[in-house]
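Protein sequences appear in the order of chains B and H.
Its first residue numbered 1, the first sequence is counted upward by one per residue in the working numbering.
Its first residue numbered 376, the second sequence is counted upward by one per residue in the working numbering.
Do not take every clue at face value.
Estimated spans, in silico, between C-beta atoms of each pair [stated by the list, open to error]: (1) 339/B with 570/H: 53 to 61 angstroms; (2) 491/H with 4/B: 58 to 66 angstroms; (3) 491/H with 128/B: 46 to 54 angstroms; (4) 491/H with 337/B: 22 to 30 angstroms; (5) 131/B with 511/H: 56 to 64 angstroms; (6) 511/H with 4/B: 36 to 44 angstroms.
Hints in this document: simulated from the structure, not taken from any laboratory.
By construction, the Cβ of each residue, glycine as well, lies at the ideal position given by its N, Cα and C atoms.
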Amino acid sequence: MADEPLVLGIETSCDETGVGIVRGTTLLADAVASSVDEHARFGGVVPEVASRAHLEAMVPTIERALKEAGVSARDLDGIAVTAGPGLAGALLVGVSAAKSYAYALGKPLYGVNHLASHICVDQLEHGPLPEPTMALLVSGGHSSLLLAPDITSDVRPLGATIDDAAGEAFDKIARVLHLGFPGGPVIDRLAREGDPAAIAFPRGLTGPRDAAYDFSFSGLKTSVARWIEAKRNAGEEVPVRDVAASFQEAVVDVLTRKAVRACRDEGVDHLMIGGGVAANSRLRALAAERCERAGIRLRVPRPGLCTDNGAMVAALGAEMVARGRPASDWDLSADSSLPVTDPHVPGAAHGTDTGRHGGDHHDHLHELSKDNLYT
Amino acid sequence: MLLLAVDTATPAVTVALHDGSSVLAAESQVDARRHGELLLPAVDRVLAGAGLKLDAVTDVVVGVGPGPYTGLRVGLVTALTFGSALGVPVHGLCTLDGLAHASGLEGPFVVVTDARRKEVYWARYADARTRLTEPAVDRPADIAGHEHVVGVPAVGAGALLHPEVFPDARGPEHQSAAALASLAAERLAAAASGGPGGDFLPALPLYLRRPDAQVPKNYKVVTPK
Ligand SMILES: [Zn+2]
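If we strip away everything but chain B, and leave its shape as in the complex, we get (with noise of 0.2 angstroms):
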């Protein structure tokens, strides 16, 4: 429909420099430039490495993905961005890109929130999501169980990592034995030719006295790197494929079973799961299995909108712009650890509190901008 709103996300939180372009729910562009290949010879995402890869990309990634969508720049009806959780230095470069990009082209910004973004992205794949939407987030950077009963206004957190990111123990496990990074990719392929139930990994927070929906992958990582370190000690060979295959369940196991039971606590008839690790094969298939058990209807996105992209900054600022929430202000921070119940960052006129300036400030900047251009 030429009417829902046409948005261009901009995510920059880690490192990958995403640019997607969106009409309403359906995906026009997804551009991506990684600087993955930069960081793999530290063995983490280094936060200085990716922000200088984000400027060098930014432009061009824009760009390519107006070229990839055959839209005019001009027709946009807001630019959205990734205001954070996320590493500061690499939010400022995309939220400094958006906002002049924004002021230049006379659009309003949307500065909105990447745990919300990755959750809205499905909604290109699989259509508007369900109200309320039960979400499990798993990344590097994020372990999260998330009731979203309007997801932009109103995301609750259920639970999350205690200690370590899922993907981040994925990373580490595949450090232990010499994979490389990241590690997610590599221990799900060999984890294919292994036995889950090869090793007994302790699965944590399991107890009945643990937080239901809180999540801890820290011992895990520790039994597992034990485990393997006994091997070499005694000089024998490590089972790579039994290790992988026995660890990754360990993980699934418990994010699969949480989440569903999450979803049966809150009366949720349905399960959305985001993120990097939601590409993870073994995690697809047992929450098919346990979800259809449970009579739960699961929506995972393509690999590749599970990872972050700019598409689902664009598809979170599309609902934005359709449901009629404020813009930000060109003033919007760059905030490493805005927090999940901030769907997105209002300009400060329409925040529920008087907020840092008066409302005059922000009326007067957006008349300002209204006619700034082409208009």
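Since chain B is already given, all that's left is putting chain H with the ligand on it; use the hints.
Structure of chain H with the ligand alone, referenced to chain B:
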């Protein structure tokens, strides 16, 4: 000609508008921690102050540093994005050249800015328009005895911070986009009339340092031996 100049390579967030013959409007705020928040509202106010809109801009000028990384990138990505959205060229200038131009000095001098971590960015100038050396990053003590540094004026906050090394330290302390815009206007005018001076730097950051990145030590054994 309408130049929009921005520079965020130093603690100053500075914006100016220049029509080829004079500065129409300019603004500077010194706040090393809020470049990202301050720059765009400043651009908006400078344009409003001149009664102009962004689409009238014909050239974007940006200070490319050297400067501490995070703030430096704000000005660069803003300039590059404006350039792309407006379809106008983006000209890079060494940030130190703006301070040199603003000093108006006729004889040899150095420009010195604060590089943090007890270091300074600096370069030598023959006069306010002519830089003699590539910008460098050094500890002040290491350039104290330099034959071209001893006895010459030293301009900028980095010089004022280290009077023991730069006894003739003087202002301007902070970068101004107005000076950067004036310098760019001169160079563009010279180039337009067929003379030399149209040389700009690419709009790429001058970091002068490698990224801080430690290759992690070999995997740390968790089992006590
Ligand atoms: Zn993410």
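Verification of the hints:
Distance hint check for residue 339/B and residue 570/H: the Cβ-Cβ separation is about 57 angstroms, which falls inside the suggested range of 53 to 61 angstroms. Checked against the given bound of 58 to 66 angstroms, the beta carbons of residue 491/H and residue 4/B, roughly 48 angstroms apart, lie outside it. Taking the beta carbon of each, residue 491/H and residue 128/B are about 49 angstroms apart, inside 46 to 54 angstroms as hinted. Range check, residue 491/H to residue 337/B: Cβ separation about 24 angstroms, and the 22 to 30 angstroms hint holds.
One distance hint, 56 to 64 angstroms for the beta-carbon pair residue 131/B and residue 511/H, holds here, with the actual separation near 59 angstroms. One distance hint, 36 to 44 angstroms for the beta-carbon pair residue 511/H and residue 4/B, is violated here, with the actual separation near 54 angstroms.
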